[in-house]
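Peer 1: Here is what each chain is made of, one letter per residue.
Number of protein chains: 2
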Amino acid sequence: MKKHRDILIAHCEKEAGNFLSKIENLEPLFICTIGNTETAKIPEISAAGKYPEITDYTPAADVELLFYGECKCIDGVPATPDGIPTPALITLSALNLADIPVFAVSGGVKVKPYAPFINLRGEPGEDIRTGKAVKNVEEVIRRAEIVGSNFSKIADYLVIGESIPGGTTTALGVLLAMGVDAELKVSSSMPVNPHNLKIQVVEEGLKAAKINFGDLKSDPVKAIASVGDPMIAAFSGLVIGSASRIPVLMAGGTQMTAILSVVRALKKDVLENVAIGTTRWIIQDKSSDIRGIVSQIGDVPILAANLNFSNSEIEGLKAYEKGVVKEGVGAGGISIATFLKTGGKVSSEALLREIEKNYRKLVG
Amino acid sequence: MKKHRDILIAHCEKEAGNFLSKIENLEPLFICTIGNTETAKIPEISAAGKYPEITDYTPAADVELLFYGECKCIDGVPATPDGIPTPALITLSALNLADIPVFAVSGGVKVKPYAPFINLRGEPGEDIRTGKAVKNVEEVIRRAEIVGSNFSKIADYLVIGESIPGGTTTALGVLLAMGVDAELKVSSSMPVNPHNLKIQVVEEGLKAAKINFGDLKSDPVKAIASVGDPMIAAFSGLVIGSASRIPVLMAGGTQMTAILSVVRALKKDVLENVAIGTTRWIIQDKSSDIRGIVSQIGDVPILAANLNFSNSEIEGLKAYEKGVVKEGVGAGGISIATFLKTGGKVSSEALLREIEKNYRKLVG
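Just so you know, the sequences run in chain order S and Z.
Heads up: the first sequence runs through residues 2 to 365, numbered per this note's numbering.
Heads up: the second sequence runs through residues 2 to 365, numbered per this note's numbering.
Calculated from the structure, these hints are not laboratory results.
Among these hints, one or two may not hold up.
Where chains are identical, the list cannot tell them apart; a pair therefore holds if satisfied intra-copy or between any two copies.
To be verified - Here are the simulated EDC-like cross-link-like pairs (lysine to aspartate or glutamate), alpha carbons at most 20 angstroms apart as the crow flies:
(1) K111 to D286
(2) K154 to D270
(3) K73 to E139
(4) K269 to E54
(5) K113 to E54
(6) K208 to D128
(7) K73 to E140
(8) K111 to E124
(9) K154 to E25
(10) K323 to E45
(11) K113 to E124
(12) K133 to E39
(13) K358 to E204
(14) K154 to D57
(15) K218 to E139
(16) K223 to D128
(17) K136 to D57
(18) K319 to E355
(19) K154 to E28
(20) K211 to D76
Here the structure is a predicted model, which is why all the values come from computation and not from measurement.
Using the sequences and the accompanying hints, generate a full structural model.
Peer 2: The structure is reproduced here in structure tokens:
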């Protein structure tokens with residue numbers, strides 16, 4: 002089918018086909034879920050900013066980019082230390098081409114966007130090495146649940162993405178606390194995945210919180226509170242609140258597995274109505290293993306947008322083919338939604354041309 | 002028609018009929034727009050709280066009531082000095098009976114709800130006697146416009162209400178600054194309308210800002226900034242952003258006319274797609290004149306929910322028939338939307354029974 006041409010199925014083929022049939026004629030709504038964690042400032046752990054301290058601004062800047070087509074709280078756009086731009090460029094391009102409505106939800110940020118966002122009264126997260134990473138997890142989940150429930154009454158289906166630097170490390174924390182073996186399996190925004198550093202950071206956090214692998218299998222709230230991040234709390238609540246009524250495409254890479262694990266513990270039934278939507282760069286990544294994590298949690302399909310930047314004239318985009326960035330701000334999932342909503346009229350190539358146009362305008 | 006049985010048409014009969022035909026088979030989305038103004042603390046100006054200082058909590062408490070069926074930031078529910086409860090009781094009852102989705106948008110509040118709300122980064126308003134009532138009006142309008150535009154892509158039509166104590170006085174300020182003769186015409190939450198006090202307060206504000214009647218006919222941003230409130234900014238932006246695409250029922254009393262005046266100055270065309278939805282208590286009020294204000298602005302229909310509490314066994318509700326409270330938190334407009342959505346199955350009487358049930362539970 003034309004509109005599925007650019008969508009790869011990476012896991013649970015039957016469930017993936019069912020999910021695609023459910024959503025292919027529906028109108029998507031995109032939610033960008035943001036948060037900050039001090040964990041992002043551990044040197045060499047995240048490339049979601051030119052230097053550790055500026056990662057505080059990345060989620061806010063990503064949201065501004067989606068709403069205004071430019072950032073307000075920083076000059077230019079968020080970029081890696083090597084200058085490779087934020088995947089929000091992909092998201093922005095897809096949202097515009099398919100005229101998809103967008104909202105932002107904050108689980109707890111250090112820098113607030115100069116743009117409208119749904120405030121859940123969560124606070125930014127601490128360094129997970131403290132073992133006390135996130136405050137008021139239960140309240141944030143409940144408030145997000147209300148928001149998800151209300152969106153589910155007006156939207157056909159949701160595409161939920163995230164922006165939180167350091168998020169794969171906190172995801173690893175939650176996964177290990179909940180007994181999902183994710184060591185050496187979470188992905189990275191860097192071309193060389195700093196697995197050992199991430200494991201060391203998580204182990205320090207687990208130790209500080211006196212948690213062994215799997216201790217919190219049935220206590221996701223404590224897992225997030227100890228070694229997670231505020232985005233995971235907000236995102237999980239959104240899924241729980243909405244997916245009993247409408248399909249939810251969880252738009253992201255291996256971080257989505259931590260949310261799956263939380264959702265399974267809190268409201269298992271809704272897993273039937275969710276899929277992960279990511280990028281080809283994630284499912285083909287040799288330094289991570291999203292299927293290996295998901296298969297421990299449930300029969301949740303993994304779809305991937307067949308984005309390919311290898312023929313781009315722009316070096317800053319070609320770098321994505323070398324494993325930089327890979328995913329974020331719902332880039333893969335919203336690309337899938339765009340292919341579907343436009344009946345394939347917006348192809349992977351057409352999307353790349355729009356991304357290149359936005360790159361030239363915003364990055365130069 | 003059965004579903005129109007409890008809806009009164011108070012102004013612009015033809016336009017009202019057209020508007021009702023447009024929305025009668027559509028699904029509504031309710032937005033509660035909140036703000037605070039120090040103006041509310043001027044003694045004897047507002048009954049939206051038991052005493053002036055507690056009016057800071059009223060908007061947050063109203064939002065909590067809509068989301069949770071109970072308030073979090075105060076005990077009980079907001080009430081007048083005589084103990085007559087908030088019109089949010091009506092709104093809550095209607096939303097629940099018709100299963101209408103709800104969101105909250107803050108133009109700038111002193112007390113934040115313990116509930117999810119869309120943050121526009123506005124600040125609470127000052128006493129309008131300073132002539133410097135609201136900061137960042139333009140930014141708040143623009144951010145609200147983005148929110149309205151995104152909601153208009155997923156909702157069939159919007160019902161927008163407000164909660165801001167002191168709001169009729171700030172509305173009077175904006176109306177006079179923009180050259181709409183509203184003296185002795187704005188309504189009040191009190192049975193005896195303190196017109197002279199309101200006029201005196203507004204005149205002091207206009208004088209402080211060096212504004213004469215009508216000076217700001219074409220400058221609504223300055224009118225709000227000088228003698229308005231943050232709710233008016235947010236509400237106006239929501240209307241501007243949405244009403245070019247979908248119908249908008251502006252749910253409130255005479256405060257809606259200040260918003261109409263702002264909208265007319267910023268994006269006149271959209272007035273064709275709006276109506277005011279209020280209560281019978283407002284259109285039959287002898288101490289105010291909503292038609293007399295609207296007719297100076299444009300051919301905007303006024304619809305009213307035929308709510309009648311005179312046969313209620315509950316004194317705190319019967320008081321509404323004596324002119325207390327009258328309107329607020331979108332009570333009239335959302336009642337109309339509920340009659341329509343349920344095809345008349347929820348009648349004015351059925352709604353009253355639900356309100357009485359909630360009264361007994363929440364007020365005792």
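Peer 1: For every hint, state whether the structure bears it out.
Peer 2: Results of checking the hints against the structure:
no. : hint         : verdict
1   : K111 to D286 : neither (31 angstroms within a copy, 48 angstroms between copies)
2   : K154 to D270 : within (19 angstroms within a copy, 29 angstroms between copies)
3   : K73 to E139  : between (31 angstroms within a copy, 16 angstroms between copies)
4   : K269 to E54  : neither (37 angstroms within a copy, 46 angstroms between copies)
5   : K113 to E54  : within (15 angstroms within a copy, 29 angstroms between copies)
6   : K208 to D128 : within (13 angstroms within a copy, 53 angstroms between copies)
7   : K73 to E140  : between (30 angstroms within a copy, 12 angstroms between copies)
8   : K111 to E124 : both (8 angstroms within a copy, 19 angstroms between copies)
9   : K154 to E25  : both (19 angstroms within a copy, 18 angstroms between copies)
10  : K323 to E45  : within (18 angstroms within a copy, 69 angstroms between copies)
11  : K113 to E124 : both (11 angstroms within a copy, 14 angstroms between copies)
12  : K133 to E39  : within (11 angstroms within a copy, 39 angstroms between copies)
13  : K358 to E204 : neither (43 angstroms within a copy, 53 angstroms between copies)
14  : K154 to D57  : neither (33 angstroms within a copy, 31 angstroms between copies)
15  : K218 to E139 : within (16 angstroms within a copy, 49 angstroms between copies)
16  : K223 to D128 : within (15 angstroms within a copy, 45 angstroms between copies)
17  : K136 to D57  : within (18 angstroms within a copy, 26 angstroms between copies)
18  : K319 to E355 : within (15 angstroms within a copy, 61 angstroms between copies)
19  : K154 to E28  : both (13 angstroms within a copy, 9 angstroms between copies)
20  : K211 to D76  : neither (42 angstroms within a copy, 38 angstroms between copies)
In terms of the numbered hints stated before, the structure departs from hints 1, 4, 13, 14 and 20, listed from lowest to highest.
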